[in-house]
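A.B. asks: Starting from the known structure of chain G, arrange chain L on it as the hints suggest.
Protein chains in written order, with our numbering: chain G, 1 to 115; chain L, 1 to 108.
Among the clues, some could well be false.
Label pairs and their calculated CB-CB ranges [said to hold, decoys possible]:
{"#": "1", "chain 1": "G", "residue 1": "ILE77", "chain 2": "L", "residue 2": "ASP5", "range": "30 to 38 Å"}
{"#": "2", "chain 1": "L", "residue 1": "GLN2", "chain 2": "G", "residue 2": "SER96", "range": "32 to 40 Å"}
{"#": "3", "chain 1": "G", "residue 1": "PRO61", "chain 2": "L", "residue 2": "VAL50", "range": "23 to 31 Å"}
{"#": "4", "chain 1": "G", "residue 1": "ALA2", "chain 2": "L", "residue 2": "ASN93", "range": "22 to 30 Å"}
Examples of chain G residues lying across from chain L (beta carbon under 7 Å, computed) [to be verified]:
{"#": "5", "residue": "ALA2"}
{"#": "6", "residue": "PRO8"}
{"#": "7", "residue": "ASP38"}
{"#": "8", "residue": "LEU43"}
{"#": "9", "residue": "GLN45"}
{"#": "10", "residue": "MET50"}
{"#": "11", "residue": "PHE106"}
{"#": "12", "residue": "PRO108"}
{"#": "13", "residue": "GLY109"}
Bear in mind the hints are in silico, worked out from the structure with no lab data behind them. We treat Cβ as the ideally placed atom computed from N, Cα and C, and that holds for glycine.
Listed here are the chains, written in short residue letters.
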Amino acid sequence: EAQVTQNPRYLITVTGKKLTVTCSQNMNHEYMSWYRQDPGLGLRQIYYSMNVEVTDKGDVPEGYKVSRKEKRNFPLILESPSPNQTSLYFCASSLSGGLASYEQYFGPGTRLTVT
Amino acid sequence: GQNIDQPTEMTATEGAIVQINCTYQTSGFNGLFWYQQHAGEAPTFLSYNVLDGLEEKGRFSSFLSRSKGYSYLLLKELQMKDSASYLCAVTFNYQLIWGAGTKLIIKP
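For reference, chain L alone in the conformation it holds in the complex:
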């Protein structure tokens, strides 16, 4: 079966750094997506990793290790608007398998 695990909820302080982990066990792998979803809204794209290593995009970075079935999303200089759910998804062939998402709570 397909399995993607993320922590259900995390809390961090405004201005700090937080790392959201994602582990996966899937029957295939083309790449891994991270999406952000604010409450009541549609998911929006953050990053896509195909090869091992770290990809940086402004305050957000995403890391992938294919041999370990592991990824993380790193958010720096946290802002209140970063309070949202962060969804990890693995793609292979034409399918996408999603994790349940990590709800990130930012405290002032």
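This is chain G alone, in the form it adopts within the complex:
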């Protein structure tokens, strides 16, 4: 089954404790992206990757890191989480992210709480 998976689905952590949210897709998609979703603000892009070893900042990259060492995986790293990073996080992938834009397939989401 074609899908995007994220782990964990729920996470409660404390300020400053490094964490990683994994994202994996099995569709051989080139483009992957991380979003956070907050009430009243909608989806905001954190980082995106156009292909292996190619990443770029989205609208709200501060406090986050990503890597794209393999085509299928795109982990989101919070080196020192803070309470303002409490949010619902979505990973998404699409065939390509360029001019010929394609629909994005979203993972199920990760609800992160930082206390």
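C.D. replies: Leaving out everything else, chain L in the frame of chain G:
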């Protein structure tokens, strides 16, 4: 700056028609997406408009006017399962800019 506006909430009756508007001001434009998101779930793709005009897909249609920076999503024969948030997003280069979404409430 980038700006996408949608109404926060709309209410409609089962069986009726509803139009959800989206206006945008962005520094570039390749196309416009509409996604549906049920509460607690991930967004799912509805439509993608690149050229001006109306695109119809079953009960859902999407319209785009690039000169006016305007799009709408038209939902016909509303069903209770259409209760969800509808997200408008503009894509340019490799980025996606999203509106805050419109929560659609369907009443029997």
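A.B. asks: Determine for every hint whether it applies to the structure shown.
C.D. replies: Okay, the hints, checked on the actual structure:
no.: 1; hint: ILE77(G) - ASP5(L): 30 to 38 Å; result: holds (33 Å)
no.: 2; hint: GLN2(L) - SER96(G): 32 to 40 Å; result: violated (21 Å)
no.: 3; hint: PRO61(G) - VAL50(L): 23 to 31 Å; result: holds (28 Å)
no.: 4; hint: ALA2(G) - ASN93(L): 22 to 30 Å; result: holds (26 Å)
no.: 5; hint: ALA2; result: violated (13 Å)
no.: 6; hint: PRO8; result: violated (15 Å)
no.: 7; hint: ASP38; result: violated (9 Å)
no.: 8; hint: LEU43; result: holds (4 Å)
no.: 9; hint: GLN45; result: holds (6 Å)
no.: 10; hint: MET50; result: holds (6 Å)
no.: 11; hint: PHE106; result: holds (4 Å)
no.: 12; hint: PRO108; result: holds (6 Å)
no.: 13; hint: GLY109; result: holds (6 Å)
In this structure, the hints that do not hold are numbers 2, 5, 6 and 7, in rising order.
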